[in-house]
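*Asks:* Please arrange chain B on chain A, whose structure you already have, making use of the hints.
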Amino acid sequence: MELITIDKLSFGYGKQEVIRRLDASFIRGELSIILGRNGSGKSTLFQILSGVQTKYGGRVSINGVERRNIKRQRASEVRIGFMSQFHQTTFPFSVFDVVITGRASFTRFAPRAEDRQRVEDVLKQFNLWSYKDRPYTQLSGGERQLVLLCRVLVQDPDIILLDEPTNHLDLHYQVKVLENLKRLAADGITIVCIMHDPNLAFLYGERLFLMQHKQLRSLSGLSVGEIHHMLEEAYQVRLEAIQHGDKNLIVPYIAASP
Amino acid sequence: MQVWKICLLIIVPFVVLLLSLGLGSTGFVSIPDLLYYIYAACASELGIEMVVADHNLETILWQVRLPRILLTFMVGAALAVAGGVLQAVFRNPIVDPFSLGISSGAAFGAALSMLISLIPLNLSAFVFGVIAVVITYLVSYTGAKGSLVTMVLAGMIISGVFTAFLTVLQYLSDPYKLQSIVQWTMGNLHTASWAKVRTAVIPVTIGIAIILALRWKLDLLALGEQEAIAVGVDPKIIKLVMIGAATMITASSVAAVGMISLFGLIVPHISRMLVGPSNASGVWANILIGGTFLLLIDDLSRTLLPFEIPVGVFTMMLGTPLFIYLMRKNAINWNA
Chain A
1 MELITIDKLS FGYGKQEVIR RLDASFIRGE LSIILGRNGS GKSTLFQILS
51 GVQTKYGGRV SINGVERRNI KRQRASEVRI GFMSQFHQTT FPFSVFDVVI
101 TGRASFTRFA PRAEDRQRVE DVLKQFNLWS YKDRPYTQLS GGERQLVLLC
151 RVLVQDPDII LLDEPTNHLD LHYQVKVLEN LKRLAADGIT IVCIMHDPNL
201 AFLYGERLFL MQHKQLRSLS GLSVGEIHHM LEEAYQVRLE AIQHGDKNLI
251 VPYIAASP
Chain B
1 MQVWKICLLI IVPFVVLLLS LGLGSTGFVS IPDLLYYIYA ACASELGIEM
51 VVADHNLETI LWQVRLPRIL LTFMVGAALA VAGGVLQAVF RNPIVDPFSL
101 GISSGAAFGA ALSMLISLIP LNLSAFVFGV IAVVITYLVS YTGAKGSLVT
151 MVLAGMIISG VFTAFLTVLQ YLSDPYKLQS IVQWTMGNLH TASWAKVRTA
201 VIPVTIGIAI ILALRWKLDL LALGEQEAIA VGVDPKIIKL VMIGAATMIT
251 ASSVAAVGMI SLFGLIVPHI SRMLVGPSNA SGVWANILIG GTFLLLIDDL
301 SRTLLPFEIP VGVFTMMLGT PLFIYLMRKN AINWNA
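Chains A and B are the protein sequences, given in the same order. Start counting the first sequence at 1; every next residue gets the next number (the numbering used here). Start counting the second sequence at 1; every next residue gets the next number (the numbering used here).
Keep in mind that the hints are not guaranteed to be accurate.
[Said to hold, decoys possible] Going by beta-carbon spacing under 7 Å, a handful of chain B positions derived as facing chain A:
#, residue
1, Ile38
2, Arg91
3, Ala222
4, Ala230
5, Val233
6, Ser278
7, Glu308
[As the list claims (entries may be wrong)] Capping the alpha-carbon separation at 25 Å, the derived lysine to any residue pairs in SDA-like fashion look like this:
#, chain 1, residue 1, chain 2, residue 2
8, A, Lys214, A, Lys132
9, B, Lys236, A, Gln53
10, A, Lys132, B, Ile229
Read the hints as simulated data drawn from the structure, not as lab findings. All residues carry an ideal CB built from backbone N, CA and C; glycine is no exception.
Okay, chain A solo, but in the shape it has when bound (with noise of 0.2 Å):
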């Protein structure tokens, strides 16, 4: 079923048209990859779908309703969050800390055990737990990000929005982070998550996307050479393609030295 539906999105800073009549949708409970090169558009899609950038033209409606008439509070009937992809924080807030400001659209006031609760099991949940006391700004670049992710999780998101979450990470943190996204989503949860590496896409994904043209081109249901051609054509750079189990992955293609 479609939770997030995109028809005829436009839209530009000043003069520059950065999407034109974009139209997509996304599937509930699944994960879904937004590829595309830099300054293809594909942050801008991000912050009109996370409701940051709301001066659209086009429809863009979530579970039938439209993103900019979604109130921000709990009693909404879908609930998005988001990670953006720079965050820095000027105090040294403690883990814990960070982490229960995601519960805030639940309170008034101060927060309930419950909301406590939620977050030790969140935490918990990814090994995070003896994080807690620490300051969240001397943390490494993965940590730090698998504490924001924590930071979403806790409001008990029906979306999550991702932008480059594996960016800055190494190897180890990269499958961490996206095996637990692949878990989410087999939970329940639509996750819609931009990146950078091909591979880890086609590993990962269960829906591909290419931006591209000002436009978003579901890459699902094509044929491996279709893919192949449309990535050598959005990249700008010859690839091969290599098979690996029932995954087709791709590498640069490189001459063979004379």
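*Replies:* The following block gives chain B in isolation, referenced to the frame of chain A:
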């Protein structure tokens, strides 16, 4: 937080309050004597007359020292809380009511009301405090995100503008009023009276109560606007309420005792060192530490030299090395 820290935070203010009541230009009153006077005063409230050795001292204690101590504590708490709130809301450890221009705006408003006396002093201080912080925010807001540096620079400029206006008022006013305006700009705790306590207590209490009630949201604001939207909270209203409350308590303090510079910057840092960065406990710590610390500073400024050192001068001298220390320690994240 450890229990001993909580106990310390609650006990020390009472000790300092008593100590400050004992200190003064008429000589030190010992703690047992003081307790006796307090006991006698409470008793006379209940209709029991007790023998009091020195009626002069009694008058000094109740009419001079006590209002001054209460006002000092209140102003110290107010400025510290306002500083902590503004640092969280603007995600910036080097802002305070002074560096954002609120204090200068409020001082101008207060002076204006002293000269023209069309609007009440408190209201005028508040209105111009709000105007100053709004201009600072608008000037430093550059669309995508205002950076720390631009905000502090904007605050400095706006502060300068209002100080210039204040100078014009000083130039225009007669010598008698000039004197009180000049004292305003240096912080004048020695003019404390019960009347001033009564005027300041209502807005300060309301403002601090609002901040206390919403203090759990401060950490969320300190993580940034996007991060608040990311977990389904619209930060705009909480932000406005917080800035409004901080401005109200700052303006009331400035209206009561004048400008006490950098105090709102220093205390939140001390609080964070003691109770950690979380704002939920930080607001309480700021109230207690802010009040106590300003009392101590006032005690020093009263007793250190034969004459009183204006308290604003004192806090400026204390704040400058701290500011330099924070800068050297790289505690300030200039890129946020």
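*Asks:* Which earlier hints turn out false for this structure, listed by number in ascending order?
*Replies:* Checked against the structure, the hints that fail are numbers 1, 7, 8, while the rest are satisfied.
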